Amino acid sequence: MARESESGLPIEPVYGPDALDGWDPDQKLGEPGAYPFTRGVYPSMYTGRPWTMRQYAGFGTAVESNARYQQLIANGTTGLSVAFDLPTQMGHDSDAPIAHGEVGKVGVAIDSIDDMRVLFDGIPLDKVSTSMTINAPAALLLLLYQLVGEEQGVPADKLTGTIQNDVLKEYIARGTYIFPPKPSLRLIADIFKYCRAEIPKWNTISISGYHMAEAGASPAQEIAFTLADGIEYVRTAVAAGMDVDDFAPRLSFFFVARTTILEEVAKFRAARRIWARVMREEFGAKDPKSLMLRFHTQTAGVQLTAQQPEVNLVRVAVQGLAAVLGGTQSLHTNSFDEAIALPTDKSARLALRTQQVLAYETDVTATVDPFAGSYVVEKMTDGVEAAALELMARVEDMGGAVAAIERGFQKDEIERSAYRIAQETDSGERVVVGVNRYTIDVEEPYEPLRVDPAIEAQQADRLGRLRAERDQAAVHAALAALRKAAEGTDNVLYPMKDALKARATVGEVCDALRGVWGTYVPVNAF
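Number 1423 in this note's numbering belongs to position 232 of the sequence shown; there are no gaps in the numbering.
Simulated from the structure, these hints should not be mistaken for lab results. Accuracy of the hints is not assured; some may be wrong.
DSS-like, lysine-lysine: derived pairs with alpha carbons at most 30 Å apart [unchecked claim]:
#1 Lys1384 / Lys1477
#2 Lys1480 / Lys1318
#3 Lys1373 / Lys1477
#4 Lys1537 / Lys1392
#5 Lys1602 / Lys1373
#6 Lys1318 / Lys1373
#7 Lys1570 / Lys1537
#8 Lys1477 / Lys1392
#9 Lys1318 / Lys1392
The following label-pair restraints were derived from C-beta to C-beta distances [claimed, not checked]:
#10 Ala1645 / Ser1618: 20 to 30 Å
#11 Tyr1566 / Thr1238: 20 to 30 Å
#12 Gln1218 / Glu1678: 45 to 55 Å
#13 Ala1388 / Ala1668: 17 to 27 Å
Remember, predicted model here, so these are calculated numbers, not experimental data. From the three backbone atoms N, C-alpha and C, an ideal C-beta is built for every residue, glycine too.
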C-alpha cells in the first residue's frame, strides 16, 4: 500500500524508469555547481571540504555564553551561531517591565556594546564566522558586532557571517516582530546597501523556512513560503535602486531537516532549482552566484521528545544525514535534551560529535550528490517542486508575500498542516517512538541545565551603571539623528551605529524607531 510524504504526495512501494518517463536529465539535473544547481551549488561539494559545523548556542549572560563558545571552538566547531533571549529579539532592554522573567532564558541577553564586547572576548572575529539568529533588530546586532571587531582591530571587510534578518517569516510563524512590514522591508534594504559598502563579505539575510516547519509546515509549504519571502526581499532591494547582482550573491537561506530523509533530500534539490530559475528568469540575474541557493540547516527541534530523550540522539543523526545528503552549506545539530531545557555542555558536545562522525566516519562526503538519478528521489524532487510552485502561484495571485501575510494565508495553511500532524500523532497513525508507541512506565531521572534567575537583576545593574557612566548628551544627539533618518530616506544604519557606539542600548534604539515607524499588530490579534 502506498504511503504519503510529509507534503501529502504519494510514495510508491517501487520506482523504476517509468517513474521518470519524459524526464530530461540535462534540464533537471545539470552538473554540480552549474545551473539549475539541482546537484549542489559547488562543483566539488564535500569532496573538497565538509560543510561548516555551526552550533547554535547562547544563554544567560554574555560571560556564560562566551564560555560555551570557547568550549565549542575547542571541540572543533567551525562556526559560531548566536542565540539571543526574547527581550533582545523583541528590542527591549533587560530592565524593561515587559522583559521580566525572560532575561537570558532562551538565549543570551545583549543590551549594549558592553555585553557584545564580553560575548566575543578572546574570540578573533577575523578568523571565526558568526551567524546571529536575530530578525527585527538584526541591524543593531550586526553593528554591535562590527564595533567589537573595530575594537579588536579587525577591518569590516574581514568580517564574515550571517544575520537572519528575515522579518517576513516572523509575521507568518514565529512572532518576534517589532515594526510593520513596510518599514521592516525598508530597514532590510538599508542593511543590504550598508553591507555592500561597509561589510562586503557578510551574508545580509538568511531567509528562513525553519520556523515555519517547526510551526507545522510541510516540506512543500516550507520552501514555497520561504522562496516567496525571498522574492519579496529581492523586489524590495531592486525597487530601492540596487542592481540584483550587487546583493543577491550574499542572500542565504535556512531550512529544517526532518527524519524523513528521502523527501528532505528532494526538498533541498527542488528549492535550489526553483530559486535558480526565479533569479534568472524574473530578475535577470547574470552572476552565477546570484542564482545559487546557499543554505544553513538545523535539525528538527519539533521532532525531539522529552520522553526517552536519549532516543533524540538517533533522530538528530538521521536528520543531520538528510541535510548532508541534500547538500547543505552549514549545519547545526540539536542536542538530545533540548525538548527538556537548554543543552548541557555534554549534550552540546555530543551534538557536534554527531556532525563529525557524519563528516569523517561515513562515505557521504566522498562523492557529490549521492542520490542523483535515484528514481524515487528524482520523482519526489519533481513532486515537491510542483507542489511548492502551486503554493507560490497562490501567493503571487494575492499580490506577493506581504499581501498574503496581511490576509493570513501562509499562517492558515501552516496551521492546517500542524493540526493534521497533531491528529495523526494522537490517533497513532503517525508513530512517535517513546510517545505513542514503545513507551516505558518510568523515565530515568535527568538533570537539565537551569538558567540562574539572578541574571535579570545582574543585567539591570549593568544597565544602571552604563546609563550613569555614558555621555548622555551624545546618546540623545545620536538617537535624534536616527529618528531623523527614519523619518526620511537616508540609510538608518549610519546614525544607528553612532548611537550604539555612544552606548545607547538596544531598547533605546528600537524605541526611537518605534516612535517613527510604529509597531505591528497581527490581523487576527483580536
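Hint check:
Between Lys1384 and Lys1477, the direct Cα distance comes to roughly 19 Å. Compliance with the 30 Å bound is thereby established for this hinted pair. Taking the CA atoms of Lys1480 and Lys1318, the gap is about 23 Å. The hint holds against a cut of 30 Å. Simply put, Lys1373 and Lys1477 have alpha-carbon atoms about 28 Å apart, close enough for the 30 Å limit, and the pair holds. Between Lys1537 and Lys1392 the CA atoms are separated by roughly 33 Å; this puts the pair beyond 30 Å, and the hint is violated.
For a cut-off of 30 Å, the pair hint linking Lys1602 to Lys1373 stands: about 19 Å separates their Cα positions. Proposed proximity of Lys1318 and Lys1373 is contradicted: the alpha carbons are some 36 Å apart, above 30 Å. Proximity of Lys1570 to Lys1537 is assessed by CA-CA distance (about 41 Å); at most 30 Å being required, the pair is judged violated. Distance restraint check for Lys1477 and Lys1392: the Cα-Cα separation of roughly 19 Å lies within the 30 Å cut-off, and the hinted pair is therefore satisfied.
A hinted pair counts as satisfied when its Cα atoms are at most 30 Å apart, and Lys1318 with Lys1392 qualifies at roughly 13 Å. A C-beta distance of roughly 45 Å is found between Ala1645 and Ser1618, which places it outside the suggested range of 20 to 30 Å. Judged by the Cβ atoms, the range 20 to 30 Å given for Tyr1566 and Thr1238 holds: they are separated by roughly 24 Å. Between Gln1218 and Glu1678 the Cβ separation comes to about 50 Å, which falls inside the hinted range of 45 to 55 Å.
Taken as a hint, the range 17 to 27 Å holds for the pair Ala1388 and Ala1668, whose Cβ atoms sit roughly 24 Å apart.
Checked against the numbered hints given earlier, the structure breaks hints 4, 6, 7, 10 and satisfies all the rest.
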